[in-house]
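The hints should help you fit chain B onto chain A, whose structure is shown.
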Amino acid sequence: MAQRARPLSPFLHYRWQYTNTLSILHRITGVLLSCGFFVLVYWLAAAAAGAARYQSAVGMLGSPPVQLILFGTAFSFCYHLLNGVRHLFFDLGHGFETRTARKSGWAVAVGALALGLVLWLVLRAGLGGAL
Amino acid sequence: MSLRSPLRRVTGLGSAKGGASHWYIQRVTAVALVLLGLWFVAALASLGGASHANVVNWLASPISSALAVLLVVTAAYHALLGLQVVLEDYVADHGKRLVALLVVKFALVVAAVIGVLAVLRIAFGVAA
Chain A
1 MAQRARPLSP FLHYRWQYTN TLSILHRITG VLLSCGFFVL VYWLAAAAAG AARYQSAVGM
61 LGSPPVQLIL FGTAFSFCYH LLNGVRHLFF DLGHGFETRT ARKSGWAVAV GALALGLVLW
121 LVLRAGLGGA L
Chain B
1001 MSLRSPLRRV TGLGSAKGGA SHWYIQRVTA VALVLLGLWF VAALASLGGA SHANVVNWLA
1061 SPISSALAVL LVVTAAYHAL LGLQVVLEDY VADHGKRLVA LLVVKFALVV AAVIGVLAVL
1121 RIAFGVAA
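Those protein sequence lines, which keep their order, are chains A and B.
So the first sequence is numbered by this note's numbering: it starts at 1 and just counts up by one.
So the second sequence is numbered by this note's numbering: it starts at 1001 and just counts up by one.
Extracted from the complex, chain A is given alone in its bound form (with noise of 0.2 Å):
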């Protein structure tokens, strides 16, 4: 049977805006946190393991490019929390307004930030003594 051309789904020309752009930082910042699902089992698996193997681990996760994929991680945790409510509040069917969820989209990608960049600062001080 001869194909005729079909037409495609419109995402290619859809316009990027604040609503795309929320939803796909959701999905990446999801994705970001599965990884550190695992970081955060390793650092259980070395605590377990005894204060030698212990300090080893975690002298590793002191090293610079860790502290930035810590930073990566503190943010994608605000983030994927702050706009997962949100998406919780828009589930039971509130805050569809334009206004409204243009207001709550600001609200979390200002929140994330600034949250992200006080948890690490808060990590790395109250984790100092062994990073």
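Among the clues, some could well be false.
[As the list claims (entries may be wrong)] Here are some, though not all, of the chain B residues that point toward chain A, as calculated from beta-carbon distances under 7 Å: (1) A1030; (2) A1032; (3) H1052; (4) I1114.
Calculated from the structure, these hints are not laboratory results.
Everything numeric in this text was worked out from a predicted model, so none of it was measured.
We treat Cβ as the ideally placed atom computed from N, Cα and C, and that holds for glycine.
Only chain B this time, still in chain A's reference frame:
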């Protein structure tokens, strides 16, 4: 006239046989993770340095170890559901998709078991 059987209509599960359970469990684990995530961050921040002694002391308390086990299991489940949707959306090839889903799910379950066992070893004082 409906082509759906009376049983299908009653159970409301549709052709995928799962109904909205995937969607729903994702939300339930999300609500749980809001609480567990906030607890975990607060606990980490107030640990007073992540030395081995501090971490082991913290996880040795019954409440901390119970919440840590819940965090590991819930986070793994939530990640599994979320990564499944991502893979189903972006991996078009059915064979590759199947392999990717299996690898991701096996990895998460194995990691969850390792995490839970680590917490239990510390909680029961087995850890060195």
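Item to check | Restraint outcome when A1032 of chain B is required to lie within 7 Å of chain A by C-beta distance | outcome: Cβ of A1032 of chain B sits 12 Å from chain A, so the hint is violated.
Next on the checklist: Next item in the hint list is A1030 of chain B. Is there a CB on chain A closer than 7 Å to its CB?
Outcome noted: This interface hint holds because 5 Å falls under the 7 Å limit.
Next on the checklist: Quick check on I1114 of chain B please, does its C-beta sit within 7 Å of some C-beta on chain A?
Outcome noted: 5 Å, holds
Item to check | Proposed interface contact between H1052 of chain B and chain A, which counts if any beta carbon pair is under 7 Å | outcome: Result: holds, 4 Å to nearest chain A Cβ.
Checked against the numbered hints given earlier, the structure breaks only hint 2 and satisfies all the rest.
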